[in-house]
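2 protein chains.
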Amino acid sequence: MLSKNQHKLITSLHQKKYRNQHQLFVVEGVKVVNEFLSSSIQLEKLFCTEDYYNSNAKHTTQIITENELAKISNLSTPNKVLGLFKIPKPIVLDDKGLILVLDTINDPGNLGTIIRLCDWFGVTKLVCSKNTVDCYNAKVVQATMGSLSRLPVVYTDLESYLSAIELPVYGAIMKGENIYKTKIKKDAILVMGSESNGISKDIEGFLTQKITIPRFDKNNSTESLNVATATAILLNEFRRS
Amino acid sequence: MLSKNQHKLITSLHQKKYRNQHQLFVVEGVKVVNEFLSSSIQLEKLFCTEDYYNSNAKHTTQIITENELAKISNLSTPNKVLGLFKIPKPIVLDDKGLILVLDTINDPGNLGTIIRLCDWFGVTKLVCSKNTVDCYNAKVVQATMGSLSRLPVVYTDLESYLSAIELPVYGAIMKGENIYKTKIKKDAILVMGSESNGISKDIEGFLTQKITIPRFDKNNSTESLNVATATAILLNEFRRS
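In the order they appear, the protein sequences are chains A and B. Counting from 754, one number per residue, gives the positions in the first sequence under this note's numbering. Counting from 754, one number per residue, gives the positions in the second sequence under this note's numbering.
Any given hint could be a false lead.
Pairs count within a copy or across copies, as identical chains cannot be separated in the list.
[Stated by the list, open to error] Distance condition first, Cα-Cα at most 25 Å in a straight line; then the derived BS3-like pairs of lysine-lysine:
{"id": "1", "residue 1": "LYS928", "residue 2": "LYS784"}
{"id": "2", "residue 1": "LYS878", "residue 2": "LYS769"}
{"id": "3", "residue 1": "LYS939", "residue 2": "LYS971"}
{"id": "4", "residue 1": "LYS798", "residue 2": "LYS934"}
{"id": "5", "residue 1": "LYS824", "residue 2": "LYS769"}
{"id": "6", "residue 1": "LYS938", "residue 2": "LYS971"}
{"id": "7", "residue 1": "LYS971", "residue 2": "LYS849"}
{"id": "8", "residue 1": "LYS761", "residue 2": "LYS892"}
{"id": "9", "residue 1": "LYS936", "residue 2": "LYS878"}
{"id": "10", "residue 1": "LYS761", "residue 2": "LYS839"}
{"id": "11", "residue 1": "LYS971", "residue 2": "LYS784"}
{"id": "12", "residue 1": "LYS798", "residue 2": "LYS824"}
{"id": "13", "residue 1": "LYS878", "residue 2": "LYS971"}
{"id": "14", "residue 1": "LYS883", "residue 2": "LYS798"}
{"id": "15", "residue 1": "LYS761", "residue 2": "LYS934"}
{"id": "16", "residue 1": "LYS892", "residue 2": "LYS939"}
No lab work stands behind these hints, which were simulated from the structure alone.
All chains, full assembly: derive it from the sequences and hints.
Okay, here's the thing in structure tokens:
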């Protein structure tokens with residue numbers, strides 16, 4: 754049984770303002786919820802149907818009906834369980850290894866895919882501009898397929914961050930150096946820009962190395978790659994080097 | 754002014770059955786329509802608002818109102834123009850260069866992204882299993898951002914196709930050879946499998962080389978990559994070699 758207040762709280766978490774106020778976010782579906790349960794992210798409460806409860810009764814759980822689940826779910830096909838988790842405390846970043854920096858990524862699916870890529874390629878530091886879509890947005894959480902449970906995401910003012918740091922700063926732009934021929938340092942920052950405008954002018958000034966994925970036929974082909982696929986290719990380049 | 758029959762024809766093209774019957778498909782929005790207009794794909798008819806017409810009046814065009822456009826559009830924000838284009842005749846494939854083969858890709862966004870990647874990396878041959886989502890599906894067309902106008906897509910029975918061809922057949926599976934250490938041939942087939950199940954058992958038998966993108970931390974990270982991002986990384990590997 755779901756109370757009116759619980760319903761109100763959960764649906765309010767679709768908005769960033771209430772996620773920040775309550776320091777909570779929503780995770781849905783058996784597979785993704787289970788990944789968060791086995792991570793260091795703290796559970797606030799699980800709402801689940803009876804058959805999920807019968808196989809997972811160890812947590813602070815409340816049984817609800819499928820109809821109640823449908824009312825609070827963001828999924829087109831709700832899947833047995835919805836968890837409220839606590840937003841983790843911000844981490845302090847060191848300057849070791851590869852740090853991925855996102856400048857104004859708007860699309861939740863792209864951010865989710867990029868978080869999953871970081872998880873695959875062992876990138877443990879993801880820094881986002883303040884106007885990048887919130888990683889606790891429900892669509893982002895689901896698109897990460899659980900990878901968000903293993904990756905702390907930092908939102909900060911990129912100009913302050915990049916002025917203070919002393920690492921080489923690689924940035925993906927249309928007319929940069931061929932990435933296949935670029936010498937890649939192990940401790941470094943990689944900046945990816947927005948879907949429509951690329952890296953913003955204010956941030957471009959911080960780049961120490963402008964890089965490009967070579968296009969096969971420059972005269973007659975697509976002008977750009979999607980930011981998530983470009984990130985996939987560049988993270989692979991950093992890891993294979 | 755849009756006639757009742759035109760409205761009926763255009764909305765019927767959301768279904769593959771009617772696209773096949775009429776041999777027509779829908780393209781929307783200024784940027785994507787313009788890419789198709791400048792390609793070898795044949796235009797049947799353009800429906801557009803007056804301001805698009807005033808700057809592009811060279812084609813077989815019918816002016817409609819914004820309200821009429823909204824009624825026939827698949828976009829959440831219709832953008833001035835909707836074109837009906839003729840489905841091109843199937844091409845005959847030779848066995849030169851890199852051929853990408855897709856086994857049961859269901860998600861229109863993934864197929865659209867993969868077509869855009871082929872365009873970027875100069876892959877001119879894309880072969881899909883018959884149960885892969887139709888490339889003339891409106892969501893696929895829009896996700897290709899115009900790249901579909903430059904890439905012929907062939908749908909065929911993969912078992913017959915692969916049994917007849919004599920090229921090396923690379924396939925992306927979870928436990929294959931490290932792609933960074935694999936010798937890559939220029940004339941070759943690369944097979945990518947479905948979002949949930951990978952390459953199907955029947956097709957796996959045709960692989961001459963099983964390949965994998967190395968995962969950084971095998972014990973504690975995401976189990977898999979999205980098929981579009983994995984394709985991005987592997988096409989990049991084929992092109993950089």
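Here is what the structure says about each hint:
{"no.": "1", "hint": "LYS928 / LYS784", "result": "between (41 Å within a copy, 22 Å between copies)"}
{"no.": "2", "hint": "LYS878 / LYS769", "result": "within (22 Å within a copy, 44 Å between copies)"}
{"no.": "3", "hint": "LYS939 / LYS971", "result": "between (30 Å within a copy, 20 Å between copies)"}
{"no.": "4", "hint": "LYS798 / LYS934", "result": "neither (50 Å within a copy, 46 Å between copies)"}
{"no.": "5", "hint": "LYS824 / LYS769", "result": "within (19 Å within a copy, 33 Å between copies)"}
{"no.": "6", "hint": "LYS938 / LYS971", "result": "between (28 Å within a copy, 23 Å between copies)"}
{"no.": "7", "hint": "LYS971 / LYS849", "result": "between (36 Å within a copy, 21 Å between copies)"}
{"no.": "8", "hint": "LYS761 / LYS892", "result": "within (19 Å within a copy, 34 Å between copies)"}
{"no.": "9", "hint": "LYS936 / LYS878", "result": "within (21 Å within a copy, 32 Å between copies)"}
{"no.": "10", "hint": "LYS761 / LYS839", "result": "within (17 Å within a copy, 50 Å between copies)"}
{"no.": "11", "hint": "LYS971 / LYS784", "result": "between (42 Å within a copy, 18 Å between copies)"}
{"no.": "12", "hint": "LYS798 / LYS824", "result": "within (17 Å within a copy, 44 Å between copies)"}
{"no.": "13", "hint": "LYS878 / LYS971", "result": "between (34 Å within a copy, 18 Å between copies)"}
{"no.": "14", "hint": "LYS883 / LYS798", "result": "neither (28 Å within a copy, 45 Å between copies)"}
{"no.": "15", "hint": "LYS761 / LYS934", "result": "neither (55 Å within a copy, 54 Å between copies)"}
{"no.": "16", "hint": "LYS892 / LYS939", "result": "neither (32 Å within a copy, 39 Å between copies)"}
Comparing the model with each numbered hint stated earlier shows that hints 4, 14, 15 and 16 do not hold.
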